[in-house]
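Residue numbers (our numbering), protein chains in the order written: chain D, 1 to 395; chain F, 1 to 395.
These aren't lab readings, by the way, just hints derived from the structure by calculation.
Do not rely on the hints blindly, as some may be mistaken.
Remember, identical chains collapse to one label, so a pair may be satisfied in a single copy or spanning two.
Unchecked claim - Each computed SDA-like pair below joins lysine to any residue, with the alpha-carbon atoms no more than 25 Å apart:
1) LYS177 with GLU74
2) LYS137 with ARG201
3) LYS177 with ILE226
4) LYS385 with ALA34
Take a look at the letters that make up each chain.
There are 2 protein chains.
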Amino acid sequence: MTQCFYKDPQVKNAEERTIKYMETGPMPSFEITATSGNARVGKLSTSRHSLPTPTFMPVGTRGSVRTLTSTDLEELGADIILGNTYHLMLRPGETVIEQSGGIHGFADWNRLVLTDSGGYQIFSLQPDVDDDGVTFKSTYDGSFHRLTPQNAVDIQCALGSDIQMALDVCPPLPSEKSVIEVAVERTKIWAGIAREHFIRRREAEGFERAQFGIVQGGVDLSLRRISAEQIVDIGFDGYAIGGLSVGESREDMIEPMVESLRTLPVDRPRYFMGLGDPAGLVEAVGVGVDMFDCVWPTRLARHGTALTAAGRINLGAARYANSQEPIDPDFPQSPAARWSRGYLRHLLSVGEPAAARILTLHNLAWLFDMMHRMRTAIENDTFHKFRKDILDVWA
Amino acid sequence: MTQCFYKDPQVKNAEERTIKYMETGPMPSFEITATSGNARVGKLSTSRHSLPTPTFMPVGTRGSVRTLTSTDLEELGADIILGNTYHLMLRPGETVIEQSGGIHGFADWNRLVLTDSGGYQIFSLQPDVDDDGVTFKSTYDGSFHRLTPQNAVDIQCALGSDIQMALDVCPPLPSEKSVIEVAVERTKIWAGIAREHFIRRREAEGFERAQFGIVQGGVDLSLRRISAEQIVDIGFDGYAIGGLSVGESREDMIEPMVESLRTLPVDRPRYFMGLGDPAGLVEAVGVGVDMFDCVWPTRLARHGTALTAAGRINLGAARYANSQEPIDPDFPQSPAARWSRGYLRHLLSVGEPAAARILTLHNLAWLFDMMHRMRTAIENDTFHKFRKDILDVWA
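This is chain D alone, in the form it adopts within the complex (with noise of 0.2 Å):
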């Protein structure tokens, strides 16, 4: 047991303290408390804050929720949203957020932050990719950048994210074997790089993060357990099923995932990278998984749908445009329940803003509702119903 000292991150006014903290095991903490079937609750906690899971994190990909504030996501209680790497490198750029306190002090953000390896969005711009490491065109400026397992490490320390993900290599799919094959190999190789240089900056620095390690593979079974055991191996805080929920079809999702999960630890805490419709959720938790990220709720608010309990509905549609019923007469908790469907179907079609807004507060309250009511159904032994009615309405 081991005691430091690290700069708190919430840093306002230029103003500057210190916070001790004890460290105390494996980072984060996790531990199942409820199981039903493969589904599990659990508490992950660090000394900054504790979640339940299954989880839901809102993607703040430029340091914002795209249209909410840090009050908002505290007051939907969010308790962990993802930060983009390759956005947040470019701009502001890492050096800026450090000087800010990282992401927590940046956004005035107080509860967990998980940081992707930037990795996924590399890899969707054709780079050019040596053993080292790849190199990419910034899609801001057009500069050339590099990433590397080491680097990718200490740009996510910089950003002062509380978890963050070794450095993969996610191809798109369909891809030929022979790629997934040098995307497990290269992945591999990268992440013990990756774990090896976070690991000696936890020695000396103290600092209290996790890592995680990502599965690759493709749909390919024998690669997904291939990788699977290859990134155990090295061994992380905690492990993701990365390059699904790509494109694939829904069939080809679940066996790949499921291969990723069987090699998995089952006191680590699993993370699906880029999952988060309902369906996919259920089918996900129902196999273990314990953590999700996905622009999905956001995206579609912004696009003008909403989440109900009958399903998505459009309220750009002119069928709303009298219609005094709430969003979700089901969800009377909604922060957006105080305006009627009419009202939001109005300001969408004439690009008031707070239409975004008023949606992306709904689809992420009713979205961090249903994993609440999933981890009821878990801790009551009755997740084989849920997820049946969840898929009933949304598969």
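Keeping the supplied structure of chain D fixed, place chain F upon it in accordance with the hints.
Chain F in isolation, oriented as in the chain D frame:
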């Protein structure tokens, strides 16, 4: 004293109820509670809501103050918002709004609503004006519409405004004297028709609404005096100064404003249309104006400019990239105080929509606070110094 019933505009989920109220005299009731020179503090009341004057009304053009919700406006302490008849009659149309319980029910706003007559927007479209009204082309779909003194009353009644404006003719500045003369004459004729129509409806329906008349006359002092006398002769519940703050210099604005005010009854509210910058506000309050509206603070916000004790600052500027300071260190009560200039600069530079909302919240809170300090200065009879301090920074 007539007892009457009206449909409560706060209709939710199509559930309707009726509320009794007692008509208690001229609407709204208005009482001067303090003066300092010609500046005055008053209390403007309807059975729905009371507010202190001088007051600033945010502009909710299309049934929403851009980027904000009614919850935001309540938290900011806004007492009264302005809706634009031109926009709302075209989208979603006054009938949709009427069926939702007026703007109050539509936007779920429990405090006061003032609507303009639509004239200001329409006259900027070079419409076809005749003695009986004005025909104009919708900027939404090119369709033709007609506004008359009578139907401007009816449309504003359908919008459910607490305070409505008589249809006026608002010429641009500069204009030929003959153009201003025709505008003054038509404004007078239309005001008479509008008032008669409004009074007939008020007597028949017993609604609790107020109608204000508008003084025109451009920058010509004799036409201002003539117009003010004509409008006061007709007799309204309150009086507005229109046709100024439309591009003329501040010097050119002051005298016609003073000339317009000279004739207006001291015991009724006086509203300067389209003015909202700090220097303009203190100049107008200093000569006895009570009410203001302007898109200035909210439009500035959407362009990245914040109001501070030291003047306006453009937070999009690169020099703020590393700033840990809040927007206005002298205004710690700002709803935006928790975020740094650096964070806002980042959000602006990457186009995050949260920036516009945060700055809109800040600018309105800042302006409301300035109005509060101004009222306190009038109550303490220190308005002269307050005005000088504001002009030192803002003129």
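These are the hints, each one checked on the structure:
| no. | hint | in the structure |
| --- | --- | --- |
| 1 | LYS177 with GLU74 | neither (44 Å within a copy, 58 Å between copies) |
| 2 | LYS137 with ARG201 | neither (28 Å within a copy, 67 Å between copies) |
| 3 | LYS177 with ILE226 | within (14 Å within a copy, 87 Å between copies) |
| 4 | LYS385 with ALA34 | within (16 Å within a copy, 67 Å between copies) |
Consistency note: the structure conflicts with the earlier hints numbered 1 and 2.
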